[in-house]
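Q: Keeping their order, the protein sequence lines are chains P and L. Just so you know, we're using full-length UniProt numbering here: the first sequence kicks off at 1 and counts up by one. Just so you know, we're using full-length UniProt numbering here: the second sequence kicks off at 1 and counts up by one.
These are calculated hints, taken from the structure and not from any lab test. Heads up, a few of these hints could be off.
[To be verified] Some but not every residue of chain L turned toward chain P, in silico, with C-beta under 7 Å: (1) E162; (2) M205; (3) A209; (4) Y210; (5) N213; (6) S490; (7) A638.
C-beta: ideal position from N, C-alpha, C; glycine also.
Number of protein chains: 2
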Amino acid sequence: MASEFDNKAVSTIRTLAADITHQSNSGHPGAPMGLAPVAHILWSRFIRCDPKDSHWPNRDRFVLSNGHACALQYIMLHLLGYKLSMDDLKSFRTLDSLTPGHPEFGHTDGIEVTTGPLGQGIANAVGLAIAGKNAAATFNKPDFEIFNNMVYCVLGDGCLQEGVCAEALSLAGHLRLNNLVAIYDDNGITIDGDTACSFTEDVEMRLRAYRWNVLHVLDGNTDLDSLVKTLEEAKTCKDMPTMIRVKTTIGYGSENQGTASVHGSPLKEDDIIQLKKAFGFNPDETFVVPKDVQEAYDGYRDKGGKLHSEWKDLYSKYSKKYPDEAAQIDRRLAHKLPEGWEKKLPTYKPSDKGMASRKLSEAVLNAIADEIPELLSGSADLTGSNNTRWSNAVDFQPPETRLGNYDGRYIRYGVREHGMGAIMNGIHAYGLHIPSSGTFLNFVSYAIGAVRLSALSKFQVIWIATHDSIGLGEDGPTHQPVETAAALRSLPNLDFWRPADGNETSGAYKVALESYTTPSVLALTRQNLPQLEGSSIENTVKGGYAMIEDKEATITLVSTGSEVHICAEALKLLKEQGIKARLVSMPCFRVFDLQPLEYRLKVLPSGHPILSVEAYTTFGWGKYAHVHHGINTFGASAPYEDVYRKFKMTPEDISSKAARVVDAFKNSKTPLVSPIEVEAEFAK
Amino acid sequence: MASEFDNKAVSTIRTLAADITHQSNSGHPGAPMGLAPVAHILWSRFIRCDPKDSHWPNRDRFVLSNGHACALQYIMLHLLGYKLSMDDLKSFRTLDSLTPGHPEFGHTDGIEVTTGPLGQGIANAVGLAIAGKNAAATFNKPDFEIFNNMVYCVLGDGCLQEGVCAEALSLAGHLRLNNLVAIYDDNGITIDGDTACSFTEDVEMRLRAYRWNVLHVLDGNTDLDSLVKTLEEAKTCKDMPTMIRVKTTIGYGSENQGTASVHGSPLKEDDIIQLKKAFGFNPDETFVVPKDVQEAYDGYRDKGGKLHSEWKDLYSKYSKKYPDEAAQIDRRLAHKLPEGWEKKLPTYKPSDKGMASRKLSEAVLNAIADEIPELLSGSADLTGSNNTRWSNAVDFQPPETRLGNYDGRYIRYGVREHGMGAIMNGIHAYGLHIPSSGTFLNFVSYAIGAVRLSALSKFQVIWIATHDSIGLGEDGPTHQPVETAAALRSLPNLDFWRPADGNETSGAYKVALESYTTPSVLALTRQNLPQLEGSSIENTVKGGYAMIEDKEATITLVSTGSEVHICAEALKLLKEQGIKARLVSMPCFRVFDLQPLEYRLKVLPSGHPILSVEAYTTFGWGKYAHVHHGINTFGASAPYEDVYRKFKMTPEDISSKAARVVDAFKNSKTPLVSPIEVEAEFAK
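Work out the full structure, taking the sequences as your base and the hints as a guide.
A: What follows is the structure in structure tokens.
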């Protein structure tokens with residue numbers, strides 16, 4: 001049960017939160033102050049972690065879904081002895097500090113996932129819980145509970161209003177993830193004021209509808225015993241995730257407690273003085289941690305270290321008894337793929353049968369699924385269309401459903417693209433898996449909020465994005481991406497791949513699977529593609545290459561994916577007219593951009609016009625080409641051959657355009673320099 | 001009560017759905033067949049519409065949120081006598097037909113909104129219901145119920161799994177929209193198979209948690225009486241939207257009814273034969289509408305026409321008694337802004353005080369809100385940050401809450417960006433409003449699925465997207481858009497604006513408000529901007545213009561928004577070094593692209609290097625500039641001045657880069673041609 005000391009610790013957190021945001025004159029004091037009791041009880045009694053080694057694989061995970069409350073998280077990390085000093089707290093929200101405005105994975109020791117964009121964190125927590133369940137089911141043995149960690153997530157009203165959260169909560173209920181405890185900071189306040197103005201649903205009932213175990217604490221400000229009791233109860237739930245609604249007062253202790261004014265603005269000087277007085281702190285002092293509070297936290301730290309030691313002992317015994325499993329765990333934790341895995345990648349000759357690249361992707365999955373057991377696939381209810389399920393896959397499902405098991409590696413995400421994206425981020429964050437899931441390319445857009453965080457967090461998440469263009473045909477413009485490639489190519493640290501055939505599909509997978517710090521989107525066709533002369537895995541991994549070379553060319557065509565073979569046909573027609581042309585395949589802009597300048601200039605040289613050809617908007621092609629052939633409108637509903645004709649994406653249309661380009665620039669007063677060379681010229 | 005005839009009508013719809021998808025060898029027969037009873041009962045007894053005039057302002061709205069079931073909607077439109085022939089049904093999903101793969105607004109008579117991307121339609125329906133409530137509260141008078149239409153929406157399991165739907169349902173419950181009836185086609189099947197594999201929540205309980213009136217029909221296949229009774233009950237609900245869960249069998253009548261195989265694939269020939277036999281139809285005939293069924297539908301059509309006539313009489317009397325209100329209604333229905341409204345737009349001199357463009361936007365809203373009563377504003381819980389609420393605004397709220405009224409023009413959307421976007425589409429679709437709402441630019445991405453449909457549907461929806469760059473400062477990279485502009489600029493038919501000062505902000509609003517068929521995103525700063533020499537509304541409406549001209553310039557800088565004034569400072573530094581430079585402000589790419597070539601070439605001429613400067617990714621700038629100064633990584637958390645310094649976005653950095661560019665190309669072997677001229681050269 002809680003004591004007077006616990007109240008002191010809680011007050012310490014509250015005054016620190018006020019000091020930190022006051023010092024930086026920026027940030028959100030309200031939620032940290034309101035959540036101080038939750039945080040203290042969690043770390044003093046529940047969360048098993050080793051602050052001296054934040055990578056302990058079986059640590060409990062903590063996610064602050066309302067990331068704007070990160071002053072709280074930084075305070076806790078500091079008190080517990082993670083690599084975060086009091087000076088770091090004092091440089092909250094300043095340039096290059098370890099305490100940025102929202103928690104960033106990879107930037108601050110002890111931060112499990114990057115949060116702030118509302119709703120993402122709780123969905124990440126669902127992913128962490130899925131990964132934990134899968135790890136336990138895959139590796140635990142009788143008497144060896146190597147993986148049994150809990151996932152704790154704090155979230156606020158804002159998260160609960162977001163659709164991405166709703167998707168993840170519903171799936172978590174379906175999957176019966178009893179290793180997940182979500183703590184809802186029910187403070188009744190959002191930026192616009194009282195939640196009465198926009199959020200009057202019955203949250204507990206909604207969560208019960210999702211088949212969650214729902215508990216509550218009616219006084220989360222002072223009733224620490226109730227917090228302890230409820231968190232203990234949560235851990236005993238056998239077949240459901242638990243949501244604890246904790247009624248708190250935002251900015252508890254401030255003169256403005258319970259109002260929106262303490263949400264996003266630091267407390268005024270006077271207010272901090274009265275607050276410290278009320279909590280028995282010296283109002284003249286700032287950033288104070290009473291000695292006994294720090295000693296207690298040192299104790300929690302040491303207790304965590306001891307738990308980690310015990311786990312290491314257990315794991316050491318496990319390694320002896322189950323060397324293969326342990327070797328696999330070690331390899332996966334080190335993010336190393338199995339030696340020689342890439343030899344399994346299918347390769348193709350031009351005489352091989354043409355196939356849709358979604359089927360070529362399936363062939364890759366079938367070839368590597370056993371080889372790379374960390375691959376955790378799935379689809380947002382488009383399994384048969386995305387071809388994301390390898391032939392011997394088992395579904396990840398609660399065993400009681402008889403639809404699969406927790407050691408299954410295929411997740412039925414339902415029609416929940418955004419939730420899927422954020423859950424994949426959580427799965428990656430656990431550290432043992434490579435999440436890779438399917439939807440139509442057009443609906444990756446639904447999830448872009450999560451995709452962006454994959455890229456920012458440097459998370460290896462692979463999207464199998466089929467039906468990648470007007471080539472999906474009959475479904476029409478509502479389902480035909482024309483702008484999605486540009487959107488994804490413009491995102492830092494994301495590889496957007498559009499392979500042209502079997503070898504390029506294998507090459508795209510090779511880079512995607514070997515890129516531990518970069519997410520990838522593989523854009524794949526619904527329609528069949530021929531196997532091309534000149535393609536290879538070796539070429540593909542450079543991002544762009546000359547597929548058809550001609551030293552005397554008067555034009556270069558540069559294209560991607562399903563338009564490459566059409567361009568190859570166009571080159572034949574040009575040849576008949578005596579026009580010499582080159583063809584460049586450019587499956588991934590970003591990977592091409594990383595090649596040496598000399599190589600890039602060889603692929604896209606100066607001296608003749610470069611024409612880009614792609615069944616997408618031409619936006620963004622200016623970096624490689626002078627003239628563009630694309631689709632700067634939305635698509636159309638019809639069999640795909642008709643749609644390609646409508647948008648002039650046939651060999652005849654392209655060769656005719658190329659011929660006109662050659663003609664226009666033949667006697668031009670404006671000699672053409674490759675955009676690559678313009679850039680090089682300046683770089684000199 | 002229903003009769004044997006009703007069963008015959010239902011069977012007619014079912015066999016037509018089988019024939020249509022079989023003929024096109026594409027499409028989704030299952031949901032149309034399962035939903036045939038719902039559709040027949042709705043149109044025979046409930047939906048008030050005039051098939052001969054689909055624009056009747058007080059018509060009941062119907063939204064098919066599971067848009068893949070559109071064969072059903074096309075059948076109903078045909079039977080009712082909308083402009084859709086049997087031949088149109090036969091050309092389902094073929095090029096340029098009136099019956100594309102998903103329903104498209106503006107393409108097919110009688111389609112209220114474009115659906116197919118799951119979850120959008122139900123959120124559109126919420127928007128239609130909001131618009132209807134607002135129209136009624138604004139214009140109805142005692143004895144003159146000019147606006148009292150209902151909104152009916154059919155949705156499936158897929159829609160209910162989507163987050164955008166969850167957001168909209170929660171808000172609809174909060175807003176007590178009793179003019180909305182949603183019919184949930186509970187057929188237990190999605191593409192991946194039984195909903196048991198991913199969707200096991202208790203939907204009725206969830207809807208009750210959202211404070212919806214929840215009803216159900218346990219046999220939606222044959223119990224037509226129950227459908228009638230339940231729909232009647234739904235209309236009597238005084239203070240809640242109603243959800244009717246209708247248990248149906250997907251592909252009812254097919255040998256594969258109740259399985260995923262009838263979801264997205266046409267029935268086989270044999271199956272259609274047995275189906276027709278079972279329903280008492282001649283299996284040798286296709287596309288059959290029995291005479292009595294067509295006569296009945298002619299009757300429903302005539303009844304609807306009569307209702308419309310009666311409404312016209314009422315409206316005519318209303319126009320006499322309330323000429324001002326009627327004039328406003330007529331003007332708004334004609335999508336004409338009030339004469340001279342643009343004179344209200346604020347203008348600024350360089351000596352005027354600098355302001356953040358979010359505040360400049362607020363000044364515009366304050367100036368025009370009374371002038372343009374069709375403007376319906378709001379924010380996704382960032383009212384105080386977005387500055388979207390004009391000073392005398394009233395909230396749109398149920399009167400019982402005492403927080404506002406239904407004639408209020410400010411919507412508290414809550415933290416629901418995607419729902420907000422889709423709801424705005426619905427509000428626009430009603431025909432009487434210009435929806436315009438705020439969030440951070442970074443979180444427009446959450447809603448891109450809805451933004452895309454605004455652009456595709458040609459819906460005037462205005463996003464007030466504040467905190468538009470690294471200039472938001474302390475919140476850090478999770479909240480700083482660097483790629484969002486590129487993503488939005490690559491979308492067909494969307495105007496992405498980034499005004500540089502007060503005049504440009506007014507100019508952006510001018511174009512956005514006058515563009516009835518184009519959505520706009522206004523990217524606005526958190527930080528202050530000076531009023532610039534050379535800016536004007538007249539210049540801004542061209543999308544791009546020379547702000548600082550110099551005939552002897554050796555370089556052009558082209559920039560947008562908050563970087564324009566930094567470039568102007570850089571020009572002064574360049575001048576000190578004897579380098580003559582021009583400055584182009586480019587607030588909207590798309591509007592600039594629509595200007596005559598001659599003008600564009602004057603703004604971005606050949607002969608010297610063009611350097612783009614923007615605190616975003618450089619992706620996409622190749623169409624205007626040779627060399628790019630931008631941010632091709634994510635941002636950083638710190639006071640904004642520090643972040644600008646970190647990313648070299650100061651006058652010193654920019655002038656130094658410009659000087660190096662001038663130097664690099666001074667004696668270059670590669671004379672520089674404007675990308676605009678390259679394009680022009682080819683166009684010749």
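Q: Quick check: which numbered hints come out false for this structure?
A: 5
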